[in-house]
Amino acid sequence: MKRISFHVTALAVAASLLVGGMAVSPAWAYFTDSHETEGGIEISVEPSTEITETFDENGKHVTIINTSKTVPVWVRAKVYASANNVKTSDTSGTNWTFGDDGEWWYWDYELQPGKTTDPLDVKITFKEAEKTVITFPDGTTEEFINETHDGENFNVVVVYEAVPVQGDNPQDADWHLAHS
Numbered sequence: 042m043k044r045i046s047f048h049v050t051a052l053a054v055a056a057s058l059l060v061g062g063m064a065v066s067p068a069w070a071y072f073t074d075s076h077e078t079e080g081g082i083e084i085s086v087e088p089s090t091e092i093t094e095t096f097d098e099n100g101k102h103v104t105i106i107n108t109s110k111t112v113p114v115w116v117r118a119k120v121y122a123s124a125n126n127v128k129t130s131d132t133s134g135t136n137w138t139f140g141d142d143g144e145w146w147y148w149d150y151e152l153q154p155g156k157t158t159d160p161l162d163v164k165i166t167f168k169e170a171e172k173t174v175i176t177f178p179d180g181t182t183e184e185f186i187n188e189t190h191d192g193e194n195f196n197v198v199v200v201y202e203a204v205p206v207q208g209d210n211p212q213d214a215d216w217h218l219a220h221s
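To convert, note that position 59 of the sequence shown is 100 in our numbering; the numbers rise steadily by one, no gaps.
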C-alpha cells in the first residue's frame, strides 16, 4: 500500500511540475516583453502667445503671435502711458477694432496657430502744459502750470490677453479665461 501511495504522490508531483513549467513560460514572456514606437502628436489645450514690440519715431508697433500648435485664439490689447502728459489714444491698426468697452483693441480674426497679427500702432504725442488754479477758503488763489513731458523718460505699456476661440466675435468671448 505504501508503494501505491508513493507512486501516486510521485505522479502528482511530476504532473504539477509539468503544468507549472508550462505556465512559467507565458508569465515570463509577459514580464519581459517590450515594444518601441516612434512619432506622436503634441497636444496643447491652453493658448500660448508671445508679443513683439518695436519702437521708432512713429511710435510703438505691437504684434502678437499664436505659438500654440493646435489652439486658435482671440486676442486683445490695451495701451497705457506712464506719464500723465503722454497721449496714446491715437492707436490704430489694420484688422484691429477698438472695443465697445472703451478700453481694449480687439484683433478682428481668429489668430490661428503659428500666425501673427498685423501691427497695432501706438502713436505717442505729448499734451500741452495745463494751468491749474486753486482757490483757497480765504479767497486767495494760486496758479500752477503742469510741465510738459521732456520726451526722454516715459513708458508705453501694452497689456494683451488671449483666449481660445469661442463664438463668432472676439468682444463676446469669455475673457475671464484669458492668458497673457
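Derived by calculation from the structure, the hints in this document are not laboratory data. Source: prediction; values computed, not measured. Please note that a few of the clues may not be correct.
Said to hold, decoys possible - Here are the simulated DSS-like pairs of lysine-lysine, each with C-alpha atoms no more than 25 Å apart in a straight line:
| no. | residue 1 | residue 2 |
| --- | --- | --- |
| 1 | K110 | K156 |
| 2 | K119 | K156 |
| 3 | K164 | K110 |
| 4 | K119 | K164 |
As the list claims (entries may be wrong) - Using C-beta positions, here's what the derived DEER-type ranges look like:
| no. | residue 1 | residue 2 | range |
| --- | --- | --- | --- |
| 5 | F96 | D149 | 36 to 44 Å |
| 6 | E79 | V49 | 19 to 27 Å |
| 7 | P113 | T176 | 52 to 60 Å |
| 8 | E79 | N99 | 21 to 29 Å |
| 9 | T138 | E79 | 23 to 31 Å |
| 10 | E77 | K119 | 43 to 51 Å |
| 11 | D141 | E183 | 35 to 43 Å |
| 12 | D209 | G81 | 48 to 56 Å |
| 13 | E77 | G155 | 56 to 64 Å |
Beta carbons: idealized from backbone N, C-alpha and C, even for Gly.
> Broken hints, numbered, in rising order?
Replying inline: 3, 5, 6, 8, 9, 12, 13
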